[in-house]
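Student: Chains as they are written, first to last, in this note's numbering: chain A, 1 to 334; chain B, 335 to 668; chain C, 669 to 1002.
Note that these hints are calculated values from the structure, not bench results.
Computed from a predicted model, the values in this text were never measured in an experiment.
Virtual Cβ for every residue (Gly too), placed ideally from N, Cα, C.
A hint or two may mislead.
[Said to hold, decoys possible] Restraint-style ranges between C-beta atoms, simulated for each label pair:
id, chain 1, residue 1, chain 2, residue 2, range
1, A, Asn289, C, Met669, 51 to 59 Å
2, C, Met669, A, Gln36, 23 to 31 Å
3, B, Ile654, A, Asn289, 37 to 45 Å
4, A, Gln36, B, Gly465, 50 to 58 Å
5, B, Met624, A, Gln36, 29 to 37 Å
6, A, Lys37, B, Glu571, 54 to 62 Å
7, A, Arg249, C, Leu787, 52 to 60 Å
[Unchecked claim] Pairs of lysine-lysine, DSS-like flavour, derived with a Cα cap of 30 Å:
id, chain 1, residue 1, chain 2, residue 2
8, C, Lys702, A, Lys326
9, B, Lys657, C, Lys991
10, B, Lys503, B, Lys519
11, C, Lys705, A, Lys37
12, B, Lys371, B, Lys595
13, B, Lys482, B, Lys600
14, A, Lys326, B, Lys371
15, C, Lys991, B, Lys660
16, C, Lys847, C, Lys863
[As the list claims (entries may be wrong)] Okay, the calculated bits of chain C under chain B, using three or more residues with CB under 8 Å as the criterion:
id, segment
17, 783 to 790
18, 964 to 977
19, 994 to 1001
This is what each chain is made of:
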Amino acid sequence: MKFEGSHILSVNQFDRDSIEHVFHVANQMAPYAKRQKRTTVLDGAILGNLFFEPSTRTRVSFGTAFNLLGGEVRETTGMSNSALAKGESLYDTARVLSGYSDIITMRHPDSGSVAEFALGSRVPVINGGDGANEHPTQALLDLYTIQKELQYHGGNIDGLHIAMIGDLKYGRTVHSLSKLLCLFKNVRFTLISPKELAMPDAILSSIENAGHSYTISETLEGNFDADICYQTRVQEERFGSQEEANLYRGKFRLNQQIYTKHFQSKTVIMHPLPRDSRVEANELDNDLNMNPNLAIFRQTDNGVLVRMALFALTLGVESIISKFDKEVHWYSGH
Amino acid sequence: MKFEGSHILSVNQFDRDSIEHVFHVANQMAPYAKRQKRTTVLDGAILGNLFFEPSTRTRVSFGTAFNLLGGEVRETTGMSNSALAKGESLYDTARVLSGYSDIITMRHPDSGSVAEFALGSRVPVINGGDGANEHPTQALLDLYTIQKELQYHGGNIDGLHIAMIGDLKYGRTVHSLSKLLCLFKNVRFTLISPKELAMPDAILSSIENAGHSYTISETLEGNFDADICYQTRVQEERFGSQEEANLYRGKFRLNQQIYTKHFQSKTVIMHPLPRDSRVEANELDNDLNMNPNLAIFRQTDNGVLVRMALFALTLGVESIISKFDKEVHWYSGH
Amino acid sequence: MKFEGSHILSVNQFDRDSIEHVFHVANQMAPYAKRQKRTTVLDGAILGNLFFEPSTRTRVSFGTAFNLLGGEVRETTGMSNSALAKGESLYDTARVLSGYSDIITMRHPDSGSVAEFALGSRVPVINGGDGANEHPTQALLDLYTIQKELQYHGGNIDGLHIAMIGDLKYGRTVHSLSKLLCLFKNVRFTLISPKELAMPDAILSSIENAGHSYTISETLEGNFDADICYQTRVQEERFGSQEEANLYRGKFRLNQQIYTKHFQSKTVIMHPLPRDSRVEANELDNDLNMNPNLAIFRQTDNGVLVRMALFALTLGVESIISKFDKEVHWYSGH
């Protein structure tokens, strides 16, 4: 996969080599993100950070990643203040706004909108989430986190056992992550969800075609010797009736007691921290905050590294970053 | 006209010399906007980009132009979150916010508001559009585009033939552009609009007083040997009755077929891309996108150059920009 | 008080030495704020400027202060677009967003929210106002302004006579300012307010315990030989009934005539310029704009200096700022 000048729109663009290349570059970003060093390799470059749908976390993560490489950020947030809200076509918006920046990150509520926008853009576009469709940087940061967590325990993505819990039917993140995992070897999936929210057959086929194995469970009961427990939210409105929703309420939540009972002591807990709170929905109890295997904040930290890597690769500077190194003189809590 | 330290509030401030000076500086900005070079002449300067009315395109264009000169941008968007919405006077807001920046760009829905704000400001203010009143940077970028397009065909603004189409009565952009064209020689205007939306007498008088000529047409029928076709939107609510609106609906739209029938093969198509979509109103059909004479995206690109020029002139750095040149190391689609 | 790496959450954190240290550093910031010099000491540092409640002035002031030290700003404005609005806990938001920046400034409508946020943050947090609770940078800039205005007249905070006018019961700013003044010597307070909006007993006790003196007045009638007249807004909805509100309407406003009649010719007029306009409520008439003792815009200018000082101290760079000095080449109205 050629990164320089390319759009990053979908996890389907990636093969194993290109993923490993992204992760290799992401590893090199750590000292900059930790403020041990400073680089100005992108001095003068401008990111157009176009969030036509709110997402504070993802928006700030992209902006920070670009700043950490020395670039500037121009931003638009929300639909109501935007040209798009006035009926302007995605093509026109792309033609105009791509004249103002060197690279664009874009979130939009409509599936396919970012790819349509990219057709009109004169600079690379990175998909920051287009509705139910794709959010490739989330999938990459999830996989990058899995790799780092496993390496910490002496493991590897090949041979991984991952438990996915919650809404496996509509969850964009578990689908994308599963696709990426299909590029690796001997992955075991334990898929735990209400029957109504089971993993779609298409993904199951991909898993089988990749030579992986899976088991399906409709309850959190049992002993799961998973390396990773990837938790997602079950939204009550997904069920056919309130009665059915009531049947499942709280059955897929995780707290310290449940974790201790059903998982290994080294099982890493992940969560995409999506549009809704992990706590409101009770899928991850606050009593897990002191659990060292709770990796959800390492995920968001890793997101900065992965986004820095994608910026560096797409703008073709990944091999010259350290030529622009400077010292850091201020206090850093990182 | 003295630029350094001055407000840019109206096209009426400009004489021919000052316009040519702006365009001369704008030409020098091209290598920076194309990312062939990088300058940091405004390193440490802060733009206060105050958009009390939404306009993604103009706002980002100003911000990008300032970044490309090496400056920083502080921004406010929308009225609801602003001090002004809480009843603060323009004078107070100006006194306070001008203490935070080196130059201010401001858009506001009320006519005259930017000039009132400028009275309280301690730094130069550039009008980014104040309701129906003025939007001088749009007029300048329109005229700059005309000059560049004509020069490409070996022509010149003196002797230009421009067709203006659509709402010539309320269209802020055609009024401002006409005023600027009155500073040049031997311009022919072909003014095509519904009778109810004809060019105001005051502008017609200015055109005559400048020694220019005009013809008026109420239909798009005929052979227009114009160098430039400047299209604007006809809003149905401008008519006295729905019946009258129906009478004109679609009569002033441009598509490839109409263009081929009524214009020269080299006629340049322009449009201010204003608050509403060019497509929703059908005034410029998408089938023109492949027409090389469609200059609407060159207009928005030129807007960055003109705004960079105005920043450089107003902050008095136009002659020292290249002293702060740096190399560009990243991929650029520009 | 140790500043490096510390949160700034409350005026209660400060003793006299630490206040004088902040003011000493703020004094050193003046040439940078006036654009006589430029520093890049915070090059590469990122401020997370999180305004979950609108406040254009305070938000831009923080952002500008950080830019003037050479840092970058990532921002979020308003609640509706934020993760917090989606029910995310302050702890989670803090854990995530503190991974993206080197220091955070935060405003939030709820009392105590910023301190709660700080518990989850991995970088220093500066309280930019949390509802009725605290707004320490406002209190510090008020006190800094008092010191500078007094020094201009050859005076000093020790021995100050300050008149406080308006809503002394609910006014966050007068409470905070009073607390800070209790760290100094021999301050005289003249407290002028409707009986219903009198200064709370707790503050009066603090004033007495500090060895200060106060007199209470229910009208603006009299001769007030105050050095400082600190005006705040009386909101009608604070009264028990409309009849009572009517009784007081306009009785605590200040205009040039009232100022001349009741104050010394050198009395400095201050106002926190809070959420509502000074003019709408008529507490400071526009005819005071030409009065050289009107210090309200010097207050907002001083706010930049104080915030720069707090950033420099919290990030531990206050002693090395001038090592990163650069020349300023552009026009500056400052």
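Student: The structure should be examined with respect to each hint, and the outcome stated for every one.
Tutor: Okay, the hints, checked on the actual structure:
Range check, A:Asn289 to C:Met669: about 29 Å between beta-carbon atoms, so the 51 to 59 Å window is missed. Range check, C:Met669 to A:Gln36: about 28 Å between beta-carbon atoms, so the 23 to 31 Å window is met. For the pair B:Ile654 and A:Asn289, the beta carbons lie near 55 Å from each other, so the given range of 37 to 45 Å is not met. In this structure, A:Gln36 and B:Gly465 meet the distance hint of 50 to 58 Å, their C-beta atoms being roughly 51 Å apart.
Checked against the hint of 29 to 37 Å, the C-beta distance between B:Met624 and A:Gln36 comes to roughly 51 Å, which is inconsistent with it. Here the CB-CB span from A:Lys37 to B:Glu571 is close to 59 Å, well matched to the stated 54 to 62 Å. Remark: the range hint 52 to 60 Å for A:Arg249 to C:Leu787 is contradicted by a beta-carbon distance near 30 Å. Using a Cα cut-off of 30 Å, the hinted pair C:Lys702 and A:Lys326 holds, with the two alpha carbons roughly 27 Å apart.
For the proposed pair B:Lys657 and C:Lys991, the alpha carbon gap of about 23 Å is at most 30 Å, so the pair holds. At most 30 Å may separate the alpha-carbon atoms for a hinted pair to count; B:Lys503 and B:Lys519 meet this at roughly 24 Å. The straight-line distance between the Cα atoms of C:Lys705 and A:Lys37 is roughly 26 Å, inside the 30 Å bound, and the hint therefore holds. With a C-alpha separation of about 43 Å, the suggested pairing of B:Lys371 with B:Lys595 is violated against the 30 Å cut-off.
Straight-line distance between C-alpha atoms of B:Lys482 and B:Lys600 comes to about 14 Å, which keeps the hinted pair within the 30 Å bound. With a C-alpha separation of about 22 Å, the suggested pairing of A:Lys326 with B:Lys371 holds against the 30 Å cut-off. For the hint pairing C:Lys991 with B:Lys660, the CA-to-CA distance comes to about 23 Å; that is within 30 Å, so the pair holds. The suggested pairing of C:Lys847 with C:Lys863 holds, with an alpha-carbon distance near 21 Å, which does not exceed 30 Å.
Counting residues of the segment 783 to 790 of chain C whose beta-carbon sits less than 8 Å from any beta-carbon of chain B gives 0, not enough to reach three: the coverage restraint is violated. With a threshold of 8 Å between beta carbons, the proposed coverage of the segment 964 to 977 of chain C by chain B holds, since 4 of its residues qualify and at least three are required. Proximity of the segment 994 to 1001 of chain C to chain B, defined as three or more residues with a beta carbon under 8 Å from a beta carbon of that chain, is established by the 7 residues found.
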